[in-house]
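Q: Chain by chain, the residues run as shown.
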Amino acid sequence: MSVEAASLRTVPTGRRQVKRGKRGRGASVALHVTLVLASLIAVFPVFWVLVTSFKPDARAVETTPKLFNESSLDNYTRVLSGEKGDFLAWFGNSVLIALLTTVIAVFLSATAGYAASRFRFPGKRSLMLSFLLVQMFPFAVLIVPLYNILLTLGLQGTSIGLVLVYCTTAVPFCTYMLKGYFDTIPADIDEAGRVDGLSPFGVFWRLVLPLARPGLAVTAFYAFLTAWGEVAFASAFLSAADESKTLAVGLQVFVQQNRTEWGHLAAASILVAIPAIAVFYLVQRFLVTGLSSGAVKG
Amino acid sequence: MRRFLDRHWYAYAMVLPVVVVIAVLVLYPLAQGVFFTFTNINEANIANPILDRPATYISVGLRNYLNVLSGDPSYGSFWSTLARTLIWTSACVLLHYGIGLGLAMLLNRPLRGRSAYRVLLILPWAVPAFISAFAWKYMFNAQYGIINQALRAVGLPDPVWLGQSDWALVAVIIVNVWLGVPFMMVSLLGGLQSIPGDLYEAAEVDGATPWQRFRHVTLPGLRAVSSTVVLLGIIWTFNMFAVIYLVAGQNPNTRILVTYAFERFFSGASRDYAVASTYGVLILSVLLVFASVYRRALRRQGEVW
Chain A
15 MSVEAASLRT
25 VPTGRRQVKR
35 GKRGRGASVA
45 LHVTLVLASL
55 IAVFPVFWVL
65 VTSFKPDARA
75 VETTPKLFNE
85 SSLDNYTRVL
95 SGEKGDFLAW
105 FGNSVLIALL
115 TTVIAVFLSA
125 TAGYAASRFR
135 FPGKRSLMLS
145 FLLVQMFPFA
155 VLIVPLYNIL
165 LTLGLQGTSI
175 GLVLVYCTTA
185 VPFCTYMLKG
195 YFDTIPADID
205 EAGRVDGLSP
215 FGVFWRLVLP
225 LARPGLAVTA
235 FYAFLTAWGE
245 VAFASAFLSA
255 ADESKTLAVG
265 LQVFVQQNRT
275 EWGHLAAASI
285 LVAIPAIAVF
295 YLVQRFLVTG
305 LSSGAVKG
Chain B
809 MRRFLDRHWY
819 AYAMVLPVVV
829 VIAVLVLYPL
839 AQGVFFTFTN
849 INEANIANPI
859 LDRPATYISV
869 GLRNYLNVLS
879 GDPSYGSFWS
889 TLARTLIWTS
899 ACVLLHYGIG
909 LGLAMLLNRP
919 LRGRSAYRVL
929 LILPWAVPAF
939 ISAFAWKYMF
949 NAQYGIINQA
959 LRAVGLPDPV
969 WLGQSDWALV
979 AVIIVNVWLG
989 VPFMMVSLLG
999 GLQSIPGDLY
1009 EAAEVDGATP
1019 WQRFRHVTLP
1029 GLRAVSSTVV
1039 LLGIIWTFNM
1049 FAVIYLVAGQ
1059 NPNTRILVTY
1069 AFERFFSGAS
1079 RDYAVASTYG
1089 VLILSVLLVF
1099 ASVYRRALRR
1109 QGEVW
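For the record, the sequence lines run as chains A and B.
With the working numbering applied, the first sequence corresponds to residues 15 to 312, in that order.
With the working numbering applied, the second sequence corresponds to residues 809 to 1113, in that order.
Pulled out of the complex, with its shape left as it was, chain A reads as follows:
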């Protein structure tokens, strides 16, 4: 699993392509049509939820679709005022859990990734391999024992317990990603730092981490999303009390056995999606470089 430093260098695609000859008008149109179509498919479900979120529940299930149908902000006010369950508490729990997971996962995977990238030490290969294996563990086999362990540690039903569980999912992948990213930072920088009298940790903390910001951003994005959208462990481990739920668990109150309150669900969904999309927007310009030179290079 090695990455050559040269791979980070993004090839100036523009120049290369122009040299190969301009594409014809027809090809250009076809290219744009395809991309517009794909973008529409990518965006439409989100757009449709947004449209639905303004409709009353009864209007959301009519058989002729309309963009506006008695639309108002009622759903949002009702969701936020906690009429359907303590939305704000769920939101707070999710924010807390997601942020803690992000911070811990990024920190753990940065140190481990740096060690794996810079040092040769016995057991490094098996460590990286075991990270890959951890991805394969189905939660079905872990869920009962994990429950027991959290119970023993006194963390059952607490946010910290859930944060730790999410870290086990996020850290291995993040470590891969960051190891790949650190590989692209020339080791000369480390040596220069050592010559100037920094400790190994100083080099890591003061020189390498700041340079690895794109990789860290992508890692943070991944860890945040892992925690923000997880359903299975959250519904199994958090206590049934309404105020301790996360959003993913709480939102299921809108989906009853026979009837789903689509308008309210849509409004709540939009409120949940906003932070995730905000985080996404902040890191998206790093995504391609961060990811490509990271995990994915293997």
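Just so you know, these hints were derived from the structure itself, not from any lab.
There could be a bad hint or two in this list.
Said to hold, decoys possible - Taking lysine to any residue and the SDA-like style, the derived pairs with C-alpha atoms no more than 20 Å apart in a straight line are:
# : chain 1 : residue 1 : chain 2 : residue 2
1 : A       : K80       : B       : Y952
2 : A       : K80       : B       : L959
3 : A       : K98       : A       : L114
4 : A       : K80       : B       : A961
5 : A       : K138      : B       : R811
Claimed, not checked - Calculated Cβ distances over 10 Å to all of chain B for the following chain A residues:
#  : residue
6  : L87
7  : D88
8  : R92
9  : F105
10 : V109
11 : V148
12 : L156
13 : I174
14 : P200
15 : G211
16 : R220
17 : L225
18 : E244
Glycine included, C-beta positions come from ideal geometry on N, C-alpha and C.
Place chain B on chain A using the hints.
A: Below, chain B alone, put in the same frame as chain A:
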């Protein structure tokens, strides 16, 4: 020993936190989970510190495995569920990869509005999966869902997507493809950008057609990226629980190994932990076998991985 520690102590210090967390929260639970598969543990006989009740489950030897592997419907029809899991996984990963590669190649050209397209196309990744699942469930509704309304409008048949038929499987595959393409696209785009442009120029000078350039420059250039993302994609899809569970619920037509384990874990008063764990161990074994075959195949092609 001293020299050894002197040389490596900071490497180990940096790795230690991760190793501890993983060992406590993954390896130990795994060992315990494997142990549970040889017992009849369930909600009624597990130790319960709140009720101050000791564990009363007993060892049943290999009976769980025999029951599950017999393919008995009351134990989830293992073999047909496995077949469905394989269909689900291969359909999803093939479409993820194919569409992702296609879009990545389009985005790797110079064109106006490229970064806008990129943001829009990655959007499905940024939306939490359970939100997307609800959105698609709403759109797939047989009567008022927008998909069927559109199909009716152009005169096509409008199936009951999430009913008791294989349409439900098609529906969840569509949702999962929608969710998974952005990751593949971004990864492959990164891979494409790291292929040196000189190679394409050289190929062109030698008179290679676009197809030959794709076949002999692009694909080999993407080998390292592809082999990793495909393996990860297969593992993730094989264990994908949220999409199926939230879109289709407990529908036998969309049941894959993971969702059945979850049903077993959660459904009813009995909460059969033993069978759920047995399924977990079987899933893990299938993936392990697959990963080692995959790795060997890569190595035979000269990949050091």
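Q: The structure should be examined with respect to each hint, and the outcome stated for every one.
A: To see whether the hints hold, each was checked on the structure:
1. A:K80 / B:Y952: Holds, because 11 Å separates the two Cα atoms, which is no more than 20 Å.
2. A:K80 / B:L959: Measuring from Cα to Cα gives roughly 16 Å; hence the hint holds.
3. A:K98 / A:L114: At roughly 27 Å apart (the allowed maximum being 20 Å), L114 (chain A) and K98 (chain A) break the hint.
4. A:K80 / B:A961: At roughly 14 Å apart (the allowed maximum being 20 Å), A961 (chain B) and K80 (chain A) satisfy the hint.
5. A:K138 / B:R811: Roughly 18 Å separates the two Cα atoms, so the pair holds.
6. L87: 19 Å, holds
7. D88: 18 Å, holds
8. R92: Holds, because the least Cβ-Cβ distance between R92 (chain A) and chain B comes to about 17 Å, which exceeds 10 Å.
9. F105: At about 13 Å from chain B, F105 (chain A) clears the 10 Å cut-off, so the statement holds.
10. V109: 13 Å, holds
11. V148: 6 Å, violated
12. L156: 5 Å, violated
13. I174: Label holds. Min Cβ-Cβ 12 Å, cutoff 10 Å.
14. P200: 17 Å, holds
15. G211: Check passes; 16 Å lies beyond 10 Å.
16. R220: For R220 (chain A), whose nearest Cβ neighbour in chain B is about 15 Å away, the distance exceeds 10 Å, so it holds.
17. L225: 17 Å, holds
18. E244: The claim breaks: E244 (chain A) does not keep its Cβ more than 10 Å from every Cβ of chain B (closest is about 8 Å).
The structure shown violates the earlier hints numbered 3, 11, 12 and 18.
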